[in-house]
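Keeping the supplied structure of chain G fixed, place chain R upon it in accordance with the hints.
There are 2 protein chains.
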Amino acid sequence: MAQKPSIPKGTRDFSPAEVAKRNYIFSTIKTNFEKFGFQPIETPSFENSETLMGKYGEEGDRLIFKILNSGDFFDVFNKSLMEIIKTILFNLQNFIKANPDSNKNSEFVEAITSKAVQEAFLRNPVVEKIDYKNLKEELNLIISNHFLYKPDLLEELKNSNNDLLSLYSMTVFGIFISSAQSRHLSTNITEKALRYDLTVPFARYVVQHQNEIEFPFKRYQIQPVWRADRPQKGRFREFYQCDADVVGSNSLWQEVELVQLYDSVFSQLGLGGVTIKINNRKILSGIAEVIGASDKLIDFTVALDKLDKIGADGVKKEMLEKGISEAAIEKVQPLFNFTGTINEKIEKLAQLLANSEEGMKGVNELQFICDNVTTLGLQTAFLDLDVTLARGLNYYTGAIFEVAAPKGVAMGSIGGGGRYDDLTGIFGLKNMSGVGISFGLDRIALVMEEVGLFPEAVLATSKALFLNFGDKEALYSMKAIGKLRQKGIKVELYPDQSKIDKQFKHADRRGIPFAVIVGESEIEREEFGLKNLATGEQQKVDFATLVTLLQ
Amino acid sequence: MAQKPSIPKGTRDFSPAEVAKRNYIFSTIKTNFEKFGFQPIETPSFENSETLMGKYGEEGDRLIFKILNSGDFFDVFNKSLMEIIKTILFNLQNFIKANPDSNKNSEFVEAITSKAVQEAFLRNPVVEKIDYKNLKEELNLIISNHFLYKPDLLEELKNSNNDLLSLYSMTVFGIFISSAQSRHLSTNITEKALRYDLTVPFARYVVQHQNEIEFPFKRYQIQPVWRADRPQKGRFREFYQCDADVVGSNSLWQEVELVQLYDSVFSQLGLGGVTIKINNRKILSGIAEVIGASDKLIDFTVALDKLDKIGADGVKKEMLEKGISEAAIEKVQPLFNFTGTINEKIEKLAQLLANSEEGMKGVNELQFICDNVTTLGLQTAFLDLDVTLARGLNYYTGAIFEVAAPKGVAMGSIGGGGRYDDLTGIFGLKNMSGVGISFGLDRIALVMEEVGLFPEAVLATSKALFLNFGDKEALYSMKAIGKLRQKGIKVELYPDQSKIDKQFKHADRRGIPFAVIVGESEIEREEFGLKNLATGEQQKVDFATLVTLLQ
Chain G
1 MAQKPSIPKG TRDFSPAEVA KRNYIFSTIK TNFEKFGFQP IETPSFENSE
51 TLMGKYGEEG DRLIFKILNS GDFFDVFNKS LMEIIKTILF NLQNFIKANP
101 DSNKNSEFVE AITSKAVQEA FLRNPVVEKI DYKNLKEELN LIISNHFLYK
151 PDLLEELKNS NNDLLSLYSM TVFGIFISSA QSRHLSTNIT EKALRYDLTV
201 PFARYVVQHQ NEIEFPFKRY QIQPVWRADR PQKGRFREFY QCDADVVGSN
251 SLWQEVELVQ LYDSVFSQLG LGGVTIKINN RKILSGIAEV IGASDKLIDF
301 TVALDKLDKI GADGVKKEML EKGISEAAIE KVQPLFNFTG TINEKIEKLA
351 QLLANSEEGM KGVNELQFIC DNVTTLGLQT AFLDLDVTLA RGLNYYTGAI
401 FEVAAPKGVA MGSIGGGGRY DDLTGIFGLK NMSGVGISFG LDRIALVMEE
451 VGLFPEAVLA TSKALFLNFG DKEALYSMKA IGKLRQKGIK VELYPDQSKI
501 DKQFKHADRR GIPFAVIVGE SEIEREEFGL KNLATGEQQK VDFATLVTLL
551 Q
Chain R
1 MAQKPSIPKG TRDFSPAEVA KRNYIFSTIK TNFEKFGFQP IETPSFENSE
51 TLMGKYGEEG DRLIFKILNS GDFFDVFNKS LMEIIKTILF NLQNFIKANP
101 DSNKNSEFVE AITSKAVQEA FLRNPVVEKI DYKNLKEELN LIISNHFLYK
151 PDLLEELKNS NNDLLSLYSM TVFGIFISSA QSRHLSTNIT EKALRYDLTV
201 PFARYVVQHQ NEIEFPFKRY QIQPVWRADR PQKGRFREFY QCDADVVGSN
251 SLWQEVELVQ LYDSVFSQLG LGGVTIKINN RKILSGIAEV IGASDKLIDF
301 TVALDKLDKI GADGVKKEML EKGISEAAIE KVQPLFNFTG TINEKIEKLA
351 QLLANSEEGM KGVNELQFIC DNVTTLGLQT AFLDLDVTLA RGLNYYTGAI
401 FEVAAPKGVA MGSIGGGGRY DDLTGIFGLK NMSGVGISFG LDRIALVMEE
451 VGLFPEAVLA TSKALFLNFG DKEALYSMKA IGKLRQKGIK VELYPDQSKI
501 DKQFKHADRR GIPFAVIVGE SEIEREEFGL KNLATGEQQK VDFATLVTLL
551 Q
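Chains G and R supply the protein sequences, listed in that same order. Residue numbers in the first sequence follow our numbering, run continuously in steps of one, and reach 551 at the last position. Residue numbers in the second sequence follow our numbering, run continuously in steps of one, and reach 551 at the last position.
Bound conformation, chain G alone:
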């Protein structure tokens, strides 16, 4: 293989400099997760397919990477399918034998095929092994078309022995496979799939280990996830998620702490001035009640979100186009001028939603969270109420969070989360409320790069390179290197006896600040030549001084 090697689209190699920067962010997030009492878990990269499939909607199912079964992955499917096809043809044969004089017109063919398929599915236990949407309908269509297309075959079928029946089965099988929907086929040849997010595996973990877990359980998880998304700038097929969730407590103090956690992480990263936007699913439900159309809620929030861009008239126009009535828009007029402090905004909402029980619950939750966050204070972040925030509308039931990069940085949300009252219900454990937040590592890294927030020291290269003048000198150097390393000082020997120029260049290119020069005279005097590669300054020092200068 001599072609230039490459990696799959949407994936990335990370160089030492990149790993160092990413680790700096990971470790800041981790430290803060732990400071707030969250504990790490890890789950496998792949889960059983049925754990993941059907949890992210139809679009999500398509984007899940499936792992091909090892060994004879196609066998069960083939055998089961062939079995059912043969049964259908066998039924068909019997029907024809039973009705030798019928007119073999299309109605007859369609009727007996349908009956043959029906009976085969009723009686055949192997069908259970085939997971294929509309399998019955497709086989029905293929077989009746087949015999309609070539009517003599029906007569032939009547007299077929078992072998010939098998042969016809092959044809039907061939037609089926060659036109089969790949995505329906895939469930039969894949039992495992790569993790799509960290929330569903976490829910699975909680249910599976419920007897070992002490609730409320505050867990964090920092692991890669995979999505077969169309790769584009800033969107990858493999990327890390950093999640902190609490499960098993309804307390709103969790929401207060999660806002503080966002503030703490972004402040420590030097990314001051992020806006933590908060909303509540119950408030959205209240608004839906007021506009009298819960199915229009997304349209409503999407339109309202454009207020800054297209103005009140534009928003109103869009809402009307989407079928929201003039009267409804009139009722929520206060949302068109939704400014002021958080408390003023909450006050406006309380008036607007006064008649909605659900809405008022949301207002009270919001009040509790905002009051306490305000009283306790934030380091550098701003908290803001944003009623257009509607992320995760299908699963969040309480608070909804989203973090926007500091003003002036063009970047989508760099974090998000919320509360879901029934996190583990999909796996059979009811009444487990969960609330959590997530950090978008890749976007945070892009923002930090743009604003120039990575500390110089992040890329921890060696402190000194010992040049190599020969084995005797190298051995002398290695003795010093061993002692320095035991003191935790990163130093290394240039391995080859290359030209000294080349060795200096190596230190330079690697960003190593000092070179240590050991020749015969240094060995004699038990000294070391230490050269500062930035200033060019050079001095002879004993070992103790070397330690001091490199520490």
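The hints are simulated quantities; they were obtained by calculation from the structure and are not laboratory data. Hints may contain errors.
As the list claims (entries may be wrong) - In silico DMTMM-like pairs for lysine to aspartate or glutamate, Cα to Cα no more than 25 Å straight-line: (1) R/K86 <-> G/E138; (2) R/K499 <-> G/E212; (3) G/K483 <-> R/D384; (4) R/K104 <-> G/E138; (5) G/K86 <-> G/D13; (6) R/K490 <-> G/E212; (7) R/K499 <-> G/D421; (8) R/K55 <-> G/D13; (9) R/K9 <-> G/E212; (10) G/K30 <-> R/E456; (11) R/K150 <-> R/E110.
As the list claims (entries may be wrong) - Stretches of chain R that chain G covers, calculated by requiring three or more beta carbons in the stretch to come under 8 Å of a beta carbon on chain G: (12) 211-224; (13) 501-513.
Even for Gly, the Cβ is constructed at its ideal location relative to N, Cα and C.
Below, chain R alone, put in the same frame as chain G:
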């Protein structure tokens, strides 16, 4: 879905306690890698299939997890295959038309089928899109059998229109797919595969980024790999590898440093007394020369390795059984009594291999490494020469390493490595020597658990739990919690106003050493009740004292 959720066999969930222990090992390894001048890189979890396939032998290929193409993964394969089958049948039709009067016996059928297949493969460009071993032979067989089985078909074929030709193609296609070797099929529906080890992706990385890399390149990589191995005790389908490699230098100082690196890591983990076994591929080649049978080398080392168990006579018997001659065994007699210091062992080898140029190269390399390691000294590990060490015989070209757990601990090797002169050759970059070592995380963790080496402090839980007596008290607590966290002290609030008993129990089960009690009187006096949960001792303290006691 109400079934009890589970994870795929061979994979694991890691609880907070397990993650903490594993991270302790990871971070010790990482610190030492960096102290020795290695820098981290990361590569994608999945690579293009062609990057991995064919690099690990046939057995390895089978154990690689393949990722199903997303979208209509079956389409290209189906279309290409159908195209070639149709061409074959079309050719066949023409041959029959051209020979209307031939006797349609089996020889004729087989001859024209073979010719039809041959020509179709010669002319049809779509065949290139099908990656299937023995495709030509299989189609030949299927088609000739088909027409031999039902000779009338040949006559029918002669008069077939295009539609009927398609129908016959479907039958052939069906027969092919239903009997196809799944593993040959898989290359057509998978373009990506999960990483099987870290060495091949590293070689790919070096070649792909050769212009950005400053050589010699010392890289480390700690990432999971996946193998579809039969799961068993201590063998998993997802596990971490921790590799350090140097590429682009032939210097034997690297081998010296890698021995020191093993010593440094295991010493720091408290795992004193490991044995770092060393051998050299060139010495094995020398021995092969002496016994006059390089194909018997594995048999020879396997037998010799049993010396302790079955004695010299047993070993000799086994060697004779494997076809190694009496004379050859006589020549390598010194290896049957291969004891003493490393230097004595090297001396014996030098005599034994005196006439083998390759063997003597190995002896000299070994001498350099052992002399320097001995002079520089090891902290707690032992270096030993083991001529039966033959791991990676197919790719290692120089030093071979393996680390054995301390005596008395029943565990296979906990690390291994070696030098491969042509690391990147498979990707077209010649003459890049690499040498590296690997740490077996799972086994190291098992050994440390067995010997009880994990420090108590590894599981960093919160230092104190603030009990929750109500919102007013919680707010007072949260103010203190915020300040404590800013000082880096891990504390948390119990989120719910549950019974105090339950809250104490929570702290206990979580292993949190202190509870902080805040009631009305504490708020009034600006105090905190601090209870040591181990001793039961309780005191009232002001905030400054609280900080001191929890720090």
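Results of checking the hints against the structure:
1. R/K86 <-> G/E138: Status holds; Cα separation ~24 Å.
2. R/K499 <-> G/E212: holds, 21 Å
3. G/K483 <-> R/D384: Answer holds: G/K483 to R/D384 is near 23 Å, not above 25 Å.
4. R/K104 <-> G/E138: Cα-Cα ~38 Å, so violated.
5. G/K86 <-> G/D13: Outside the cut-off at roughly 51 Å; violated.
6. R/K490 <-> G/E212: With a Cα-Cα distance of about 23 Å, the restraint between R/K490 and G/E212 holds, given a limit of 25 Å.
7. R/K499 <-> G/D421: At roughly 22 Å apart (the allowed maximum being 25 Å), G/D421 and R/K499 satisfy the hint.
8. R/K55 <-> G/D13: holds, 20 Å
9. R/K9 <-> G/E212: holds, 20 Å
10. G/K30 <-> R/E456: With Cα atoms ~20 Å apart, G/K30 and R/E456 stay inside 25 Å; holds.
11. R/K150 <-> R/E110: holds, 14 Å
12. 211-224: n = 6 at 8 Å, threshold three: holds.
13. 501-513: Check passed, 3 qualifying residues.
Going down the numbered hints, you'll see the structure goes against 4 and 5, while the others check out.
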